[in-house]
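Student: Protein chains in written order, with this note's numbering: chain A, 2 to 276; chain B, 2 to 276.
There could be a bad hint or two in this list.
Stated by the list, open to error - Pairs of lysine-lysine, DSS-like flavour, derived with a Cα cap of 25 Å: (1) B:K65 to B:K112; (2) B:K58 to B:K77; (3) B:K167 to A:K151; (4) B:K151 to A:K167; (5) A:K160 to B:K188; (6) A:K160 to B:K151; (7) B:K188 to A:K188; (8) A:K151 to B:K165; (9) A:K160 to B:K160; (10) A:K23 to A:K96; (11) B:K167 to B:K112; (12) B:K242 to A:K165; (13) B:K151 to A:K242; (14) B:K188 to A:K165; (15) A:K65 to A:K77; (16) A:K77 to A:K242; (17) B:K96 to B:K23; (18) A:K58 to A:K112; (19) B:K96 to A:K151; (20) A:K58 to A:K160; (21) A:K167 to A:K242; (22) A:K188 to B:K160; (23) A:K45 to A:K23; (24) A:K188 to B:K165; (25) B:K160 to A:K151.
Keep in mind the hints are simulated off the structure, nothing from the lab.
In case you want the letters, here they are:
Protein chains: 2
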Amino acid sequence: MKRLLAEVGRVLEVKMEKETIKCVLVDLSGTLHIDDEEIPGSVKALERLRGSGVHLKFVTNTTKESKRVLHERLHKLGFAVGSEEIFTSLTAARKLLEEKQLRPLLLVDDKAVEDFEGVGVDDPNAVVVGLAPDKFGYNFMNEAFSLLQKGASLIAIHKARYYKRKDGLALGPGPFVAALEYATGQKAEVVGKPQGSFFHSAVREFSCAPQQCVMIGDDARDDVAGAQNCGMKGILVRTGKYRQGDESSITPPAFHVANDFPAAVDYILSSCSLE
Amino acid sequence: MKRLLAEVGRVLEVKMEKETIKCVLVDLSGTLHIDDEEIPGSVKALERLRGSGVHLKFVTNTTKESKRVLHERLHKLGFAVGSEEIFTSLTAARKLLEEKQLRPLLLVDDKAVEDFEGVGVDDPNAVVVGLAPDKFGYNFMNEAFSLLQKGASLIAIHKARYYKRKDGLALGPGPFVAALEYATGQKAEVVGKPQGSFFHSAVREFSCAPQQCVMIGDDARDDVAGAQNCGMKGILVRTGKYRQGDESSITPPAFHVANDFPAAVDYILSSCSLE
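Isolated chain A, as found in the complex (with noise of 0.2 Å):
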């Protein structure tokens, strides 16, 4: 008997923990809208949730899309989100080589240098690695390379194998890196989703425990997995690249699976604490 009720207390109480939110961290393309097109309610959805109080974190994976670019399109969009509330894995990069003091030999595309300024880049101890197909040439990886054999620090935004184009699929950053990580024998820090540390830094600031945070996104692996394998809860959303049976690709399961964003955050609202 004693057992049993010390059984139903553990479930109470991680019922109770669940159902207490203080961040919500929101994916973008595919969640929010595709393209240059709202996902229908997105807008109003938003609203509903930044008013009930609880802090939010726009969060994606991109390694040539400028945080001023991303706020624009969300802002022409008609979503009411702060520049400062966007944590993109070039922020995550910055925060890092600001953290370890490093200055970086920048392999990212010409758009994505913006969001390094200020950062020095003189006598450079560290090497970031984004989509950078007008860097990946010969001469720009041995400068890389040669940095790396002096035992410069190898940061790789993130390491997708490819990614879609619309003449077919095209090579990632991730070959790159993983050229690199070959010549070198030295492994990559990667700081885009899934990587915890990207979760962890996108809240910091809030103060939140790991299991107050939900991520809400389309990709099972990288917003939603990658959020709980940290603590956080995930909410898999079945827009974008969402395909039929996603959510069973991934151990533990989805905290929630919603048909879209508008859908999520009606979950949180009714069946969360919010704080």
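Let chain A serve as the given structure and place chain B on it in line with the hints.
Tutor: Positioned in the frame of chain A, the structure of chain B alone reads:
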């Protein structure tokens, strides 16, 4: 007593096998010459070796020097070597393409392309990667990736991480092979030393058993361990890239360690039974 006799018999048999040599494989750079200088005494030593009647093959890992260029250099240095006696990693790649009837996209140096003359390259179903700085840009790499996605075979001339240039170490073909492997999940078929297939392919025409072949080279790993791992014998010479202690870096140890190529030839002529 019976077991003891059997053991003695086994040892004697091994001893006799060790001393029967029908074929000698000889590395080029670092073994017969360094750049444009003969390793002293090597021209004469090669003549003595050839006089013994053993089969000869000159084997080297190269991704940018054609057989013609190598032959011209040897000829200029005074070595009596037939073009057909030279077997390189490019030859091995060509053999593999012909055996499997593959049509390659050649990511190899322009100077090496002549070794693939006559090989069909329309509608490619294979990707061959050598050291080709001009072809390691994003577009070529992406073209290779597209073919691999459609089921093309990935063939690496070799997978060296880097090589020595006048201005320091520079990336070899290995990292770019690793990039395509990471992108596709497909392992490359490597054709150069130290692959067993390379050594077997080099001597196939002679119909010798592996233990009747001996490889002479300055690279403990690629020449000696490579040959010995496929049942041949290996003689390490203390010239070229040899560094003190290299002999103790491989297991099993080299069949023999000689000061240079002439000493290696003397050892074979005096201590092995030649057929």
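Student: Compare the structure with each hint and give your call.
Tutor: Evaluated hints:
For the hint linking K65 (chain B) to K112 (chain B), the alpha-carbon distance of about 6 Å falls within 25 Å, and the restraint holds. Only pairs whose Cα atoms come within 25 Å are accepted, and K58 (chain B) paired with K77 (chain B) is accepted, the gap being roughly 18 Å. Restraint check for K167 (chain B) and K151 (chain A): the C-alpha separation of about 17 Å stays at or below 25 Å, so the hint holds. With a C-alpha separation of about 17 Å, the suggested pairing of K151 (chain B) with K167 (chain A) holds against the 25 Å cut-off.
A C-alpha spacing of about 18 Å is found between K160 (chain A) and K188 (chain B), which places the hinted pair at or below 25 Å, so the restraint holds. Proximity of K160 (chain A) to K151 (chain B) is assessed by CA-CA distance (about 22 Å); at most 25 Å being required, the pair is judged to hold. Taking the CA atoms of K188 (chain B) and K188 (chain A), the gap is about 19 Å. The hint holds against a cut of 25 Å. Straight-line distance between C-alpha atoms of K151 (chain A) and K165 (chain B) comes to about 15 Å, which keeps the hinted pair within the 25 Å bound.
Of the pairs offered as hints, the one joining K160 (chain A) and K160 (chain B) holds, with about 22 Å between alpha carbons and a cut-off of 25 Å not exceeded. For the hint pairing K23 (chain A) with K96 (chain A), the CA-to-CA distance comes to about 23 Å; that is within 25 Å, so the pair holds. With a C-alpha separation of about 20 Å, the suggested pairing of K167 (chain B) with K112 (chain B) holds against the 25 Å cut-off. Restraint check: the Cα-Cα separation between K242 (chain B) and K165 (chain A) comes to about 45 Å, which exceeds 25 Å; the hinted pair is violated.
Simply put, K151 (chain B) and K242 (chain A) have alpha-carbon atoms about 23 Å apart, close enough for the 25 Å limit, and the pair holds. Proposed proximity of K188 (chain B) and K165 (chain A) is supported: the alpha carbons are some 23 Å apart, at most 25 Å. Restraint check for K65 (chain A) and K77 (chain A): satisfied, since their Cα atoms lie roughly 19 Å apart, inside the 25 Å limit. Only pairs whose Cα atoms come within 25 Å are accepted, and K77 (chain A) paired with K242 (chain A) is accepted, the gap being roughly 22 Å.
Taken as a hint, the K96 (chain B) and K23 (chain B) pair is honoured in the structure, with Cα atoms around 23 Å apart against an allowance of 25 Å. Distance hint between K58 (chain A) and K112 (chain A) is fulfilled; the C-alpha atoms sit about 22 Å from each other, no more than 25 Å. Our distance criterion of 25 Å between C-alpha atoms is broken by K96 (chain B) and K151 (chain A), whose separation comes to about 40 Å. Between K58 (chain A) and K160 (chain A) the alpha-carbon distance is near 23 Å, which keeps this suggested pair within the 25 Å criterion.
Taken as a hint, the K167 (chain A) and K242 (chain A) pair is honoured in the structure, with Cα atoms around 15 Å apart against an allowance of 25 Å. Straight-line distance between C-alpha atoms of K188 (chain A) and K160 (chain B) comes to about 18 Å, which keeps the hinted pair within the 25 Å bound. Restraint check for K45 (chain A) and K23 (chain A): satisfied, since their Cα atoms lie roughly 20 Å apart, inside the 25 Å limit. The straight-line distance between the Cα atoms of K188 (chain A) and K165 (chain B) is roughly 23 Å, inside the 25 Å bound, and the hint therefore holds.
In summary, the hint linking K160 (chain B) to K151 (chain A) is supported, as the alpha carbons are separated by about 22 Å, within the 25 Å threshold.
Consistency with the previously given hints fails for numbers 12 and 19, ordered from lowest to highest.
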